[in-house]
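Student: Here's the letter readout for the chains.
There are 2 protein chains.
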Amino acid sequence: METTSKTIYLDNAATTAMSDGALAAVTEAMREDWHNPSAMYTPSVEVTAKLNEARETLANITHAVDGEIYFTSGGTESNNTALFGARGRKGSRIIVGQGEHDSVFRAASELKSMGYDVRFAPIDTDGSVNIDEFKQLLSEDTSLVSVMHVSNETGAINDVARMVRLAKKLAPQAIFHSDGVQALGKIPVNLKALNVDMYSASAHKLHGPKGVGALYVKKGVSARPLLYGGGQEKGMRSGTESYPLARGFEVAAEEAARELAVNAERLNAYRLALKEELGRVNDIRVITPIENAAPGILTVAFDGIRGEVLLHSLEKFNILVGTGSACASHHESRFKRLFGLDEAHKEGVIRFSMSCENRIEEVEYVADCVRRCLASYKRSAQ
Amino acid sequence: METTSKTIYLDNAATTAMSDGALAAVTEAMREDWHNPSAMYTPSVEVTAKLNEARETLANITHAVDGEIYFTSGGTESNNTALFGARGRKGSRIIVGQGEHDSVFRAASELKSMGYDVRFAPIDTDGSVNIDEFKQLLSEDTSLVSVMHVSNETGAINDVARMVRLAKKLAPQAIFHSDGVQALGKIPVNLKALNVDMYSASAHKLHGPKGVGALYVKKGVSARPLLYGGGQEKGMRSGTESYPLARGFEVAAEEAARELAVNAERLNAYRLALKEELGRVNDIRVITPIENAAPGILTVAFDGIRGEVLLHSLEKFNILVGTGSACASHHESRFKRLFGLDEAHKEGVIRFSMSCENRIEEVEYVADCVRRCLASYKRSAQ
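Which chain is which? The protein sequence lines are A and B, in order. So in this note's numbering, the last one in the first sequence is 1175, and the numbering has no gaps at all. So in this note's numbering, the last one in the second sequence is 1175, and the numbering has no gaps at all.
These aren't lab readings, by the way, just hints derived from the structure by calculation. Hints may contain errors.
A pair counts as met if it fits within one copy or between any two copies, since identical chains are not told apart.
Each computed DSS-like pair below joins lysine-lysine, with the alpha-carbon atoms no more than 27 Å apart [what the hints assert, rightly or not]:
| no. | residue 1 | residue 2 |
| --- | --- | --- |
| 1 | K905 | K883 |
| 2 | K905 | K985 |
| 3 | K1129 | K1027 |
| 4 | K843 | K1109 |
| 5 | K843 | K1027 |
| 6 | K883 | K1171 |
| 7 | K1027 | K905 |
| 8 | K928 | K1012 |
| 9 | K799 | K843 |
| 10 | K1011 | K928 |
| 11 | K1139 | K1068 |
| 12 | K1109 | K799 |
| 13 | K1012 | K961 |
Put together the whole structure using the sequences plus the hints.
Tutor: Right under this line is the structure:
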């Protein structure tokens, strides 16, 4: 078996390569549509109109008929704006999933230190929030709930619509936010059906540019901005709008929406094949709930090896994978204990995350390289 | 006189067209250097190294030898991070200039509503902070001072170094922040000499991309982040780093630094010529302190016309100008009363802001168009 010369990139949950369309769109807008949207002359009015078209495109894709989409600098800003902006009075309860992305989890921890009654809703070993335990936490004085749509660690899909229904009943004061960063472009997102009050998204997870995200806020939901200033984005997010980035987001989201069903089928086939191949010769634990997960993610735990070691071994075969929490600068182990793994597997978590650029033909090569890496590691460890 | 077919853009203080170099750099980095800097494999390590090179370039240009430069999503985020992140205990004094950009002014107003003793340091009619009155406001319990380096309204340069010296003496607890958004790339910025604790900058004001800025924080200065999450930028600014935008910032800042002296001379010549030409036939009040202002800005007040009306009239001649506060979505008049204008002039403020793309040959045409607009307006108003 020869090492492939082309890199096989399997860390698309961390970030994605830009699509040709999105890249061309950003470049063109940087060249042509650079006027400040807030100025009063015609070129600025035109950029504003285009910016609103981009907003409209995202609203159409996500069925955001009941609210407004605001552009932000990314998923982290969207999540922080939701948590800090929609928090209720000090001391009130705030419920977030135990498996949330750091931008929700750490914002919640900060809110805890500020005097909020922050509760972390337990997750099952597949990364999804346990609904029964979630239900127990809902209370009259809950001001904010934040549960991610798709887990970045495992791909697990939370039943957000059902959780919103429970929250509306048992915590009627609560604003319900969902982090959709790993959902948009991967699974259908229907904000009307989900009935969430706020929803976060990011462009660079779906082949768009880095540095732009979006926050949906339902009509009538009161949230404070995180950034004060010129009053852009109807006062919800000050700062000169970057139309080129919004345009790149628009194009990438359109492309992803158009290919959603086709890609879902392909990525799921890739995932199933990879799971089969990996399981055939290795002792693995599959963490991702295959039947209930975004199609592109397969998180597994290998026996007797640290994920980081396997990651670096695979890199020698031009295969790039993640160990989870890959978009965090630190590499802590908040999840290791949550996946319920035995001693042999608990350090060996690898997240394979695919995109439309991967090909089913790669699977056998990837699985074979994993096998070789493990064999070589175990020989050297003896 | 014929209308020029090429647009004469004189609103460079609101935003600038991207330079060819910066545009090419962003495009190349979007194509090549898209891996997540926080991942563990080699391409990510390489992007991180490049990101740090961009940081280093900005540090060299600004003589940021005593601290760290963090990338943000822009000037507004940098300013908000400084004000909210470096605020002291509730009730302590916070001093900001009366003429600060909205992203400082409104953040300070928010701090006031949160229980801080916020004082606005009066400005003179040229837009610069009055140092004597500033000095009066400094107190032992002052926790934060924020004074802009260059006024976006008038181009006036504040003597920040002197104000820092006063603050260190009379308000020894205070962290001193300066908004340098209109300074970087326009006048020499030496953070070591200024001795500020924090300093904000933005790329799109100097022919870089929109959506990226920087915040300098001096070693030993304690400031909290505004965005929590993955811990990027040493925990000071979470969120996946956009290396392509940072790279565009780097290239634009390098270009501006290289041409700083040449451009300053050219822009100042443009400004002086424009002032002369405008003053020759119109009754104007010059607000910009020509001898002590960033070279590219000329703010003047015209007699008997609203700035907005003149702006739209000039647009018919393909001349784009600002009315000040142009990068704000609202168009309020915080400054009108501050410039000390008489009744005839107080509504007629226009900000001409030039860049290296303007040519001295344009001046006569611009002045002539202004004259024609005013004459036509006054005829129709009679």
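Student: Are the hints correct? Go through all of them and say.
Tutor: So, going through the hints one by one against the coordinates:
1. K905 x K883: For K905 and K883, the Cα distance is within 27 Å both inside one copy (10 Å) and across copies (19 Å).
2. K905 x K985: neither (31 Å within a copy, 38 Å between copies)
3. K1129 x K1027: Between copies only: 24 Å across chains, 42 Å inside a chain, cut-off 27 Å.
4. K843 x K1109: between (45 Å within a copy, 22 Å between copies)
5. K843 x K1027: Within. Shortest intra-copy distance 16 Å satisfies the 27 Å Cα cut-off; inter-copy 36 Å does not.
6. K883 x K1171: For K883 and K1171, neither the intra-copy (53 Å) nor the inter-copy (58 Å) Cα distance is at most 27 Å.
7. K1027 x K905: Cα proximity of K1027 and K905: across copies only (22 Å, versus 29 Å in one copy).
8. K928 x K1012: within (25 Å within a copy, 47 Å between copies)
9. K799 x K843: Answer is between: at 23 Å across copies they meet the 27 Å cutoff, but 38 Å inside does not.
10. K1011 x K928: within (23 Å within a copy, 47 Å between copies)
11. K1139 x K1068: Within one copy, since 18 Å is at most 27 Å while 72 Å is not.
12. K1109 x K799: within (12 Å within a copy, 54 Å between copies)
13. K1012 x K961: within (16 Å within a copy, 48 Å between copies)
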